[in-house]
Amino acid sequence: MEKVIQTQSFNKRDAEKIFTDLGIKKIATDQDSRKILISHTRSDQLLNNILYGLLLLNGFSSDEIIYTSDPSYNSVVPYGLDVFEYLREFFIKSYSKKEIYVLYVYSDSSSKRPGVLQEIGAGWVVKTKHGIIKAGKTNPEPPLNISSTYPSIYLDKEDNRAFTTENHFRVLYALVDSICSMFNKEIRSFEENRNYFENNNGVIIDESSFDCKINNREIIL
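Throughout, the working numbering is defined as the position within the sequence shown, counted from one, plus 185.
No wet-lab data here; the hints were simulated from the structure.
Heads up, a few of these hints could be off.
[To be verified] The calculated BS3-like cross-link candidates involving lysine-lysine, where the alpha carbons are at most 27 Å apart (straight line), are:
{"hint": "1", "residue 1": "LYS322", "residue 2": "LYS398"}
{"hint": "2", "residue 1": "LYS297", "residue 2": "LYS370"}
{"hint": "3", "residue 1": "LYS297", "residue 2": "LYS314"}
{"hint": "4", "residue 1": "LYS342", "residue 2": "LYS398"}
{"hint": "5", "residue 1": "LYS283", "residue 2": "LYS342"}
{"hint": "6", "residue 1": "LYS314", "residue 2": "LYS398"}
{"hint": "7", "residue 1": "LYS297", "residue 2": "LYS398"}
[Claimed, not checked] Beta-carbon label-pair distances, calculated as ranges:
{"hint": "8", "residue 1": "ILE399", "residue 2": "LYS314", "range": "42 to 52 Å"}
{"hint": "9", "residue 1": "ASP344", "residue 2": "THR323", "range": "14 to 24 Å"}
{"hint": "10", "residue 1": "PHE375", "residue 2": "ASP293", "range": "37 to 47 Å"}
{"hint": "11", "residue 1": "SER363", "residue 2": "SER246", "range": "32 to 42 Å"}
{"hint": "12", "residue 1": "SER333", "residue 2": "ASN400", "range": "20 to 30 Å"}
Even glycine gets a Cβ: it sits at the ideal position worked out from N, Cα and C.
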């Protein structure tokens, strides 16, 4: 894996070796309906739930999403299956030309978690389409596609609220719209998405207040 990332290139033999090293004996896909993976850590649960809810609001069903922290257990890995084996199979779908999408919630917590880093590495190897939500002070890094605009949301765990700005929420809406277009879903209106966000502990504030939140400074009203 390190050799492939360093050289920024890979071929079929490289990919087969990587998957074999990960425990995959053959490149195959199952026929389930999973289309989207929310790559996250449980410590960012409030924001994860909001993003999951936005996908459901905009036409995706729970069985089209892998969200391992789903509180309703509708989008978790099926009982009895190994989580990592299941996710490997999900990434192999991209290698076999079946469209999938990964939404990376990149926070100060997730950037240090081996599981998230493995998902990033696997997604890069098979060139999976993906989007990024910056959810902390830590900036996303390659091999994530940081050249594309991504929204920033600050998760205040003491206050149990997710803060963003009008501009960043519009970027988030555009990101959700691109996912909907990829899978032929019709996105709901901007106002409906904003209302969902604000009704689920999301708060849209001005740029200066958001900067204070990010840098742990007192907000001056």
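CB-CB spacing for SER246 and SER363 relative to the 32 to 42 Å hint: Taking Cβ atoms as reference, SER363 and SER246 lie about 19 Å apart, which means the hint is violated.
Pair hint outcome, LYS297 versus LYS398 [Cα-Cα no greater than 27 Å]: Within the cut-off at roughly 22 Å; holds.
Agreement of LYS314 and LYS398 with the hint, judged by alpha carbon distance not exceeding 27 Å: violated, 31 Å
Supplied distance hint 37 to 47 Å, evaluated on CB atoms of PHE375 and ASP293: Violated, at about 29 Å.
Hint consistency between LYS283 and LYS342 [alpha-carbon to alpha-carbon, up to 27 Å]: Outside the cut-off at roughly 37 Å; violated.
Pairwise hint evaluation, LYS398 against LYS322, where the allowed Cα distance is 27 Å at most: With a Cα-Cα distance of about 10 Å, the restraint between LYS322 and LYS398 holds, given a limit of 27 Å.
Supplied distance hint 20 to 30 Å, evaluated on CB atoms of SER333 and ASN400: Holds, at about 25 Å.
Hint consistency between LYS297 and LYS314 [alpha-carbon to alpha-carbon, up to 27 Å]: holds, 22 Å
Outcome of range test on Cβ distance (ILE399, LYS314; 42 to 52 Å): About 28 Å separates the Cβ atoms of ILE399 and LYS314, which means 42 to 52 Å is violated.
LYS342 paired with LYS398 [C-alpha distance capped at 27 Å]: Cα-Cα ~12 Å, so holds.
Agreement of LYS297 and LYS370 with the hint, judged by alpha carbon distance not exceeding 27 Å: At roughly 33 Å apart (the allowed maximum being 27 Å), LYS370 and LYS297 break the hint.
C-beta pair ASP344, THR323: status relative to the range 14 to 24 Å that was hinted: At 20 Å between Cβs, range holds.
When the structure is compared with the earlier hints, violations turn up for hints 2, 5, 6, 8, 10 and 11 and for no others.
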